[in-house]
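*Asks:* The lines below spell out each chain.
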Amino acid sequence: MLRETAFSAAIGLAILVVAPLLFDDIYTLTVLTIYGLLALSLGFIWGFGGILCFGQAAFFGLGAYGFAIASINFADPWIAALVSLIIPALFAAVLGAMLFYGRLSDVYLAVVTLVVTLILFKFMNSTAGNAYKIGDARLGGFNGIPGFDTLTLPWDSSEYLINESLYYFCALILLLAFLGLRWLLSAPFGRILVGIRENELRAELVGYDVRLVKTLAFAIGGMLAGMSGMLFANWAEIVTPALFSLSQSAEIIIWVIVGGAGSLLGPIVGAFVLGALKFFLGQQTLVNNLFVLGSILVVTVLFLPRGIVPTLTPFFKRHRRRSRAAGNGKRGRGSRRRARHAR
Amino acid sequence: MHADAILETRAVTMRFGGVTALENVDFRLENDELRCLIGPNGAGKSTFFKCLTGLLTPSEGSIYLQGEDCTGIHPHAIARRGVGIKTQVPSVMNTLSAHENIWLSARQAQSSREANRTTAEVLERLDLEDIAYDEVATLAHGKRQLVELGIVMAGRPSLVLLDEPAAGLTGEEVERMVAVIHELNRDAALVIVEHDMHFVRSIAKTVTVFHQGRVLTEAPVDAVMADPAVRDVYLGKRA
Amino acid sequence: MDYSAVVVMEICYAIAVLILISAGLAVIFGMMRVINLAHGEFLTLGGYAAIMSNQAGLNIYLSILVAAPLAAAIFGFLVERLIVRFLYGRLINTMLATWGLSLAMIGGFSMIFGNTTTGIATPISGFALGNYQVSGYNLFVIAIAVLVIGGVYLILKTTRAGLVARGAMQNPEMAQAFGYNTSRVYMFTFVAGSALAGLAGGVMAPLVGINPAAGAAYIAKAFITVISGGTAVISGTLASAGLFGFVSQTFTFLATPVVGEIALLVAAVILLRLLPTGITGRFLKDKV
Amino acid sequence: MSVNRRKVLKGAAATTALLAAPSVLRAEETIKLGSILDTSGIFDLYGKPMDKAVDMAIDEINTDGGIAGRMIEKVAYDTQSDMALYTQYGQRLARQDKVDVVHGGILSASREAIRPTLRKNKVLYFYNVQYEGGVCDRNIFCTGITPAQQAEVLVPAAMEKWGKKVYVLAADYNYGQITAKWIQHYAKQAGGEVVQVDFFPLDVADFGSTITKIQDAAPDMIMSVLVGGAHLSFYRQWAAAGMNKKIPMASTVMGAGNEHVVLTKEEGDGIMLAYSFSKELDTPANTSFLERWTKRFGATDDVHELAVATYQGVHLWAEAARKAGSVEREDVIAALEAGASFDGPTGKISIDPKTHHATFDVHLIEVKDQKMAVQKTFVQRPPVDTQTVCNLEENPKDTTQYEIDI
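Protein chains in written order, with our numbering: chain G, 988 to 1330; chain F, 24 to 262; chain D, 17 to 304; chain V, 6 to 411.
Chain G with its partners taken away, still in its complex shape:
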């Protein structure tokens, strides 16, 4: 296990270091890395926890707004970064507790997460007035919050993290998040989480508090999404309510399903491929971008329901490691359905 982790860490590091040399546009590469982290956060809770959250954008937006607001109010942007992790994690924990202790699942869970995101979106959109202020930070409504201080080097507060340094910082965080989740999934917590995804009832009947485990997983997902929001705020140097929008949530889900929800690598690949595609589509006017993205989603669901990476994996790995706790999304859904009937 350790050797394998070290191996994938080395490969990941190599890819992320080499990428800027192959891809001349570091700025776009940075945002793709950030999207990769965002997709990873949903890939974790969906692929391994069986929780399809339609509102991952809520945590993304909260992370970004949390950073912007805290950065305006506190002198040190690293405090702001910390705040921007805590807020979405707490919010996810509270929302998750509400969902899972209330036994909401499937489509009902989807509706509630979607509605919560819509509430945040509508609220943020209607904060243009002077009265909406947190400390020194005006929320700004539809136009969002521009002009906050971004991250600096921890040992030198006069050097900003921009361009290459911001990219390497994002790449490092993505790599750490990926390895951290890999470790977590091989640890008891992760194995229990997968067990719950496979059969919630069974997990409960052997004595696991399913509600607690799912809430924790949801909070971890929320925190990672928040972290990507924080990085996004550093990259864009402006935050707007569009971060909370339905189309943002849709995009995250599309990245994950196209890349493959059953693996950790899949969502990252999905985000990179589709993020880059969207960027290139913006340079032509022949075909509408949404049309392309939507069609890709339909085709993926119909023909590649497991996503790119899990479909391709067997070609690279002839035999699966037998004891690994990984499954794939499609079967997971089936057994969840069975579990529900059993109840």
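Hints were generated in silico from the structure; no laboratory data involved.
No experiment lies behind these values; they were computed from the predicted model shown.
Heads up, the beta-carbon is just placed ideally off N, CA and C, and yes, glycines get one too.
Since no wrong hints were added, every one of them can be taken at face value.
For lysine-lysine, the following DSS-like pairs were computed, each having C-alpha atoms within a straight-line distance of at most 30 Å:
1) V:Lys193 <-> V:Lys218
2) V:Lys218 <-> G:Lys1120
3) V:Lys57 <-> V:Lys376
4) G:Lys1109 <-> V:Lys218
5) V:Lys103 <-> V:Lys328
6) G:Lys1120 <-> V:Lys402
7) V:Lys193 <-> G:Lys1120
8) V:Lys125 <-> G:Lys1120
To list a few chain D residues with every Cβ distance to chain V over 12 Å, as calculated:
9) Asn75
10) Leu78
11) Phe102
12) Tyr104
13) Leu107
14) Ala159
15) Val162
16) Leu170
17) Lys173
18) Ala177
19) Tyr196
20) Arg200
21) Phe204
22) Ser251
23) Gly258
Fit chains F, D and V to the given chain G structure using the hints.
*Replies:* Structure of chains F, D and V alone, referenced to chain G:
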């Protein structure tokens, strides 16, 4: 008052809307006892099990585990008090291996190292070692039943509930099941719902008969089988 | 006095709109356990059909009541045959596929019609209610909503087709055993749901105007209404539309439209927290 | 803060410049004009005609011999109505394409997304859109109309015609909030009273309760600052209730996206507006402009205020560059501050050196038969709102967008 029983229910009643599924069920199980529940379909046996495992909360009445009131507490908390259940349709984690299934159960109350040991032990006792790393979904029905039993065993329960453990098994598998049940009974009290009277006879001393949500009678197995009232219930004369 | 009459009418109107925009989705969800996330774009399609046919010289009522549902029904038929039928029984996959469809349709609409908001004038003029001017078209919308609910109820309760549909949905194997082709029942149900969506789009077109992304404003509300209502098509939709329409309009009058919308969403969250399977998942279980 | 940042950027720019030496040579031949607009997505009804206007202006300048003998080449990106893409493409224009000037941005949020990037990379920026005013930044020129320029003309005229009690409906974002303040300011100045201000998020499409509330307040007139496709429903629902015959209306935004053509004659007639451009403006310059547009694009259906502002913005920049004989940022800024001007379809347009906002003619307009009939012309109106907060001659380092407190 005599010593606490491992399980006792007092006047448990369960209603769904206008339908009464259980009515005033008083049930007592001593430590180390093995009891069979019989009764026609719809007699309330499964509902009773669901109440015992916390999946349902009784409309009235209370449930005591080792003298402690456990009415209305959550299923996982009941499991942690040493109650293990094998459901009627095998409830296992389908895309995981038998090993992983059993390990997850063992890990609940044990350290990872201890769980590894328990898992190996259980796999050996159930003779599942050669298929330990196969995906459970690919196993035959009988093996899946055993895996589920393994899940129950790995949790080291003090009370085991088995819902039709012999259903769908071949003759050979039934024999093995009987042996496993006796083995389980060495450390735990058992409640077994079963239709197959032959099977019941081979394992139980005392039988409780459910009918229309009530306890019809509770007696030694031979007495029950001789009881005309029980036969009527099964043949439906009084219904 | 006049004021409260106007307020009551506005509340009825809000409920009617929710019923109209949810009916198609509710039929499809209630009968087939399929969530059509392209529902909003089906409405938009109906709206475009109504506007186009009206501009081409068709009578406005024919455009709204015939052309709009017809266009959506034909499109729904294609979607069912080409996409949805491969995904029955996989709720989440149908949601994702239809979501993709929804995005593709928005893109398609922009390529065909451009992003300009188009519309048609309301065919009914306003009238005075005491000291207040009230839109006559609102009454028309309320009437259509009543007709839609009544129509669906009658079809399900009294016709053979409705009986077969209900039977097939509750137990596909049994219906098949009786010789009914469930695949065809699903197809007709989906087409009927699409037609209802198109009708709603046609009816709303004169009021709100149509642009490619217009569906997004409806799908969230319709989705919430249907899921909160639960799987019973009629009673569920009526109950949740009634509740949400009342809540949102009341808060709109007391405060602002945003507060009204947020109140609706908060009400939905609270409702689903208390009744995790919707209103009819808990009450009114045996109703259609 | 910005000092250090600039240092880093300079370093990075220097390295890339070394690597990209051949392209620098090529840049001597053509001038690169960056254009960043939403030509797809929900804002494309604004962006598409603006994009056409850029093309037309560039062609005209090139036909006239370009700038100091050099031709202009357009480098354009479609931001797909997605704010994140503005940041991305803005960086690209500045750092990779190394354009000489950027024209574009539609929403205020999109402008704010690229303004810092362009400033830090020293790329001159023209924002050619009607907006809320208050941006005070030496690197940017805002050539669109701002709220006070409209309200100071529109509010007194409408009140004189219809009465003193005003009910304001505004879109709930920066533009709406600020414009509503200016309306209140000018209403008070004209001795009137604003009885109520209601704000609506941009996606609100149901105005039934609002129409009832308005009737309850019984104002003499409505001032509408409603923006976008969803808000268009208001005019429909207002007419459907028969209110358009009872309470008259004026607006600072209706028509900017050609709403008056989308609405029917019955729904739109009688609404009073104030803009710098109207298709019905009867001047030789405008007639000729519309003829050229028709010749190039077939019809003038899609021409609107923002497209014309963009057309004039590009020409104004070219005029200044010609005067300066260079497209260097400082030279162009100096020429514009010194009074470079362009005579466009709306009349003369020049830059107010204190604010880097534009001075131009404003026309009082009434919607008649789906047309914008010009009632009266107010010549050369300066950007009075931004002037109250911004003085770049005194504080050239200022980069704030002020919220003007009235």
